[in-house]
Each structure stands twice: as structure tokens, then as C-alpha cells.
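Colleague: Going down the list, the sequences are from chains A and B.
Everything in the first sequence is counted per this note's numbering, starting at 1 for the first residue and increasing by one.
Everything in the second sequence is counted per this note's numbering, starting at 1001 for the first residue and increasing by one.
FYI, nobody ran anything at the bench for these hints, they're computed from the structure.
Treat the hints with care, as some may be off.
Calculated pairs, DSSO-like style, for lysine-lysine (alpha carbon to alpha carbon, straight line, at most 30 Å) [stated by the list, open to error]:
(1) B:LYS1255 to A:LYS52
(2) B:LYS1205 to A:LYS55
(3) B:LYS1055 to A:LYS199
(4) A:LYS55 to B:LYS1009
(5) B:LYS1003 to B:LYS1111
(6) A:LYS248 to A:LYS6
(7) B:LYS1009 to A:LYS52
(8) A:LYS55 to A:LYS137
(9) A:LYS199 to B:LYS1003
(10) A:LYS55 to B:LYS1055
(11) A:LYS55 to B:LYS1095
(12) A:LYS199 to B:LYS1049
(13) A:LYS52 to B:LYS1256
(14) B:LYS1049 to B:LYS1205
(15) B:LYS1226 to B:LYS1095
(16) A:LYS52 to B:LYS1226
(17) B:LYS1111 to B:LYS1255
(18) A:LYS199 to A:LYS2
(19) B:LYS1003 to A:LYS55
(20) B:LYS1095 to A:LYS52
(21) B:LYS1111 to B:LYS1101
(22) B:LYS1003 to B:LYS1095
(23) B:LYS1130 to B:LYS1003
(24) B:LYS1095 to B:LYS1009
(25) A:LYS248 to A:LYS9
Since the structure is predicted, the reported quantities are computational estimates derived from the model, not experimental observations.
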Amino acid sequence: MKTLKKYFKVWWLMSKNSFMSVIYLGMGGIFFILGKVLRFLFFIFFLVFLLKGTKNLAGYDLNQTLFFFLTFNLVDVTSQFFFREVYRFRSRVVNGDFDLVLAKPINALFRSLLGGADLLDLVTLPPLIIAVVWFGKVLNPNTWQVISYLFLIINGLIVAASFHIAVLALGIITLEIDNTIMIFRDVSSLGRFPVDIYKEPLRGTLTYLIPVGIMVTFPAKALMGLLSPWGIFSSFVAGAVFLVLALKFWNYALTKYSSASS
Amino acid sequence: MRKYLGLFKISFQQEFVYRLNFIMWRVRNVLQILVAYFLWTTLFIGGGKIFGYDKNQILTYIFGVLIVRALVLSSRAIDVAGDINSGDLTLSLLKPINFFKYWLTRDFSTKALNLFFAFFETLFLVLVLKVPFFFQTNFSFLLPFSFSLVLAILIFFFLVLLIDMVTFWAPEMQWAGQFIFLAIITEFLSGAIFPLDILPQALQKVIYFLPFPYLIFFPVQIYLGKLALVNTLGGIMVEGFWVITLSLIVNFIWKKGLLRYEAVGR
């Protein structure tokens, strides 16, 4: 408990520092937020107009399709809020500053993964959560479906965290981060729509191998009552497996760190 | 002319310096197209027409976008904002070469490379996914299509410069300006994500007052043969209007911006 409190305090301090650096952006920061909101609204409009013409997407009606999209955004924005520091990791490895992280009496993975929460994403989270609740209510879920949804969202964030850890580990070994993380984001953006729209073998790949389905589609399906208990159970198992594998990869990568330039 | 040809060659070689970056950029483009492909093929499972498009036309639209965006939306001139911020603009000003032609030539080099890759990506995807691609053979469509592409390239070039030049007055806007105008507004309002005619008529009318639909949507519509000759000519005239208007605005802002430029760090 004491350790947990210490880490929360450290996270709070690092987040405050990160927020202050964002405030320095001034108008630039406001325009970034505006851009994110615009992108979100454009997609919503696109889906609304599209489904007004077609009535359904792979059997899902407009409200369901919008809920998939909102769930994708919830997982995407929350993981970006927490894991933004990953985007800054490369320079630490390249110029040897990662030595300083390793020397500190705090877990190096914690510092590298959660060390720079993003204010710009935090600002967009509350309206997004309101929209998720609003559209979720329209789908009339029962208590069990809501609980399943919440736990599967947490599971989705664990999968997202696992991928970010794997990207960090790959960064130590190959010194390449920027493109890997953007590819991950592009692949995960396939979850804007339910994975049911993709054909095999892409659908299977997106469900289990690059588990966009587990991250995004399964939670939304659980809320709609379309996910079997086996589906829910296998999601949690997959989440745990991905986390363990990512941590093992991170530990392996640390042994390859060459402390270059320091 | 020779010096611009030399510049073109050097810029082309520079594109290979960050090869992984370039490959990843292309992979990202292909991923976007795959999402659109699967989305639309799912919608067409029942057959028929949606928003006036049959399956062949919409898939041609999607893969046409892959090629047209490689040609129109790839740009090196986005680096101008960074040059203004870092003071590197001074180096460009000292060179015995026209600033605008310099960046337009660099744009052409990156467009040539992107087009080359986009062509083979499209060919590969069309063959693997067995896409019923519609090959336009009618010269009366191909000629205005080519002409509209040239004008679209110029419109985008001036738009990029206009966004870059905001940095003269607001250095902190370097990335934010490009993000909001080039990555969000241009992507959506140009038709790069979806054909604009799925939108309500009233909204389409508003969008057509902007330069964005003429970057991707309009040229691809000509290619598909969806526009009557009078509409094609009218659209090309609007494109011409935007090229002239934007070039005048860019020239005006450029002169004002240079007065403001402090060559920070130089």
C-alpha cells in the first residue's frame, strides 16, 4: 500500500510537470484540442450520414455503430492520456538519458510508460465519457452487461499498455519508436468499426493476434449483450497473456541496453 | 531550368535518407485504404447502389484516392514552418533561387516517389483483393482529369505555404496549424476519407465554396465519369480561381511575414 501511494505521488508530480509544459503551448495547445474534437465530430457525421443511407453496418444499426466508434475513442484517448511518454522515449535511449531513469529509485518501466500524462487528451475525456454513457443508455443494457463492459474496457487498456510496453522494449533494441507506435495506432484504428466488417484472415488477426477486437469490439459487444461468457473469459486471459509477454520482452530488452552516448 | 532539375534530383535522393520513415508512411496509407475497402465492401454485401455509386465505382474511388492523394497531398513544403521557427529560412533566402519554385520543385520530387509507390501498392491490392477496378479509357474524361490534378497540386502547395506562414506570427502554431488544417480539415473535406456526395446537399454546397473538395474529390469524380462536361469545366474554372486567389494571398502574406521574420538562432 505504501509503495502504491509513493508511485501515485510520483505519477501526480510527473503529470503536473507534463501539464505545465503543455500549457506553455498556448494557442497551439488549443488548436490541437480543436483538431482532435473536429476529427471526432467529422467521423461522427460521416457515420451518421453513411448509416442513414445504408441503414446498417454488418448488421449493426446507427446507435450500435456509433457506440463502437465511441468505445474505440474511449480506449484510444485514455491510453494516449496515460502513455504519452512512450512517444518521447526514443530520445532518452539515443542520447543516453535513459541511464538517469535506470539510476533512480523508481521502476524504469513506470517512468517510461506513465511519466508524461497528456493534458490535451485529458481535456477531451470528460465529454467523451458523457457521450459513451449517453449512447450506452440508448442500447438498454442490464447491470451485468454494464459491469462486463467496464471490466473489458479496463482489460482493453491493459492490452493497450502491453503494446506500449512492447514498443518501448523494441525501442531499446532497435532505437525505433515513432513509426512503430504510429503503425500500432493505425492498426488499432481499424477498431473504429466493429471487427465483423473485416474478412478472414484479417478478422481473426485483429481479434486475437493484434487484439483490436479484444480492446474495442468485445467491450462494446458485451454492453449490447452480444458477447458470450466464453468470449468475456477469453478476453481476460488474452489480456493477461499479452501483459506477461510484454513485461518479459521489456526485461529482455533491458539486458540489451547499450547506454550509448552517455 | 537546369538548376531546378538538379534540385529535383537532390531532393529525390534525400527522400531515401529516412527510408524507414518513408516505408512506414506508405504502410499507413495502405492501412487507411484497407479500412475504407472493408467498410464499403461490407456495405455492398446486399448489392445495388448506395449514394449513387455501385460497388465497382466506390472501390475505384477508394483506390483512385490512394493514387491521387499520393500525387496531391504529399508535400515537402510542410518543412517551411520549421525553417521559419528555427531560422533556417535564412539559408533559403540567401540562395540564388526563387523560394516558391524551390519548394515546388521539392514537392514534385516527393510526389514522384509517392506516386511510384502508390501505383504498385494499388496494383498489388487490386490484384490481391480482386477489386473490380474501373479503368477510364475515354480521353474526354482523362484529359480534364489530368488538368484538374495539376491545379489540385498547385492549390495544395499554396494552402501548405499559407499554413506554414502562420509561424511568422505564432511560432507555437507550427504543428498545431498543420495538424488541424492539413491532417484533419483537408483529409475530411477533400474526399480522402469518403466521397463527399454522401453528405446532405446543403452541406455539400457549403463545402464546394472551399478549396478542399477540388484536391481529391473533384479529380476522382472526373475520372469516374460522374460529371457532365459543363460541371467539369465549371469545376476546373473554380480550381483556377483558387490557384490565382491563393497565390495572391500567399504572396501578400509572404511579404508581410518577411518583415516580421527575425531569423531566430542565426
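Colleague: Does each hint hold? Answer for all of them.
Modeller: Evaluated hints:
For the hint pairing LYS1255 of chain B with LYS52 of chain A, the CA-to-CA distance comes to about 48 Å; that exceeds 30 Å, so the pair is violated. Between LYS1205 of chain B and LYS55 of chain A the alpha-carbon distance is near 24 Å, which keeps this suggested pair within the 30 Å criterion. Under the criterion of a C-alpha separation no larger than 30 Å, the hint pairing LYS1055 of chain B with LYS199 of chain A is consistent with the structure, at around 17 Å. Between the alpha carbons of LYS55 of chain A and LYS1009 of chain B the distance comes to roughly 51 Å, so the proposed pair goes past 30 Å and is violated.
Restraint check for LYS1003 of chain B and LYS1111 of chain B: satisfied, since their Cα atoms lie roughly 19 Å apart, inside the 30 Å limit. For the hint pairing LYS248 of chain A with LYS6 of chain A, the CA-to-CA distance comes to about 24 Å; that is within 30 Å, so the pair holds. In summary, the hint linking LYS1009 of chain B to LYS52 of chain A is not supported, as the alpha carbons are separated by about 49 Å, beyond the 30 Å threshold. With a C-alpha separation of about 21 Å, the suggested pairing of LYS55 of chain A with LYS137 of chain A holds against the 30 Å cut-off.
For the proposed pair LYS199 of chain A and LYS1003 of chain B, the alpha carbon gap of about 50 Å is over 30 Å, so the pair is violated. This hinted pair checks out: LYS55 of chain A and LYS1055 of chain B have alpha carbons roughly 17 Å apart, not beyond 30 Å. For the hint linking LYS55 of chain A to LYS1095 of chain B, the alpha-carbon distance of about 59 Å lies beyond 30 Å, and the restraint is violated. Proposed proximity of LYS199 of chain A and LYS1049 of chain B is supported: the alpha carbons are some 21 Å apart, at most 30 Å.
A distance of roughly 47 Å separates the Cα atoms of LYS52 of chain A and LYS1256 of chain B; the hinted pair therefore is violated under the 30 Å criterion. Taking the CA atoms of LYS1049 of chain B and LYS1205 of chain B, the gap is near 23 Å; set against the 30 Å cutoff, the hint holds. A hinted pair counts as satisfied when its Cα atoms are at most 30 Å apart, and LYS1226 of chain B with LYS1095 of chain B does not qualify at roughly 46 Å. Our distance criterion of 30 Å between C-alpha atoms is met by LYS52 of chain A and LYS1226 of chain B, whose separation comes to about 22 Å.
Restraint check for LYS1111 of chain B and LYS1255 of chain B: satisfied, since their Cα atoms lie roughly 27 Å apart, inside the 30 Å limit. Distance restraint check for LYS199 of chain A and LYS2 of chain A: the Cα-Cα separation of roughly 49 Å exceeds the 30 Å cut-off, and the hinted pair is therefore not satisfied. Our distance criterion of 30 Å between C-alpha atoms is broken by LYS1003 of chain B and LYS55 of chain A, whose separation comes to about 57 Å. A C-alpha spacing of about 55 Å is found between LYS1095 of chain B and LYS52 of chain A, which places the hinted pair above 30 Å, so the restraint is violated.
Note on LYS1111 of chain B and LYS1101 of chain B: the hinted pairing holds, with a Cα-Cα distance of about 15 Å set against a maximum of 30 Å. Between LYS1003 of chain B and LYS1095 of chain B the CA atoms are separated by roughly 12 Å; this keeps the pair inside 30 Å, and the hint holds. About 44 Å separates the Cα atoms of LYS1130 of chain B and LYS1003 of chain B, which puts this hinted pair outside 30 Å; it is violated. At roughly 17 Å between alpha-carbon atoms, LYS1095 of chain B and LYS1009 of chain B fall within 30 Å of each other, so this suggested pair holds.
Taking the CA atoms of LYS248 of chain A and LYS9 of chain A, the gap is about 26 Å. The hint holds against a cut of 30 Å.
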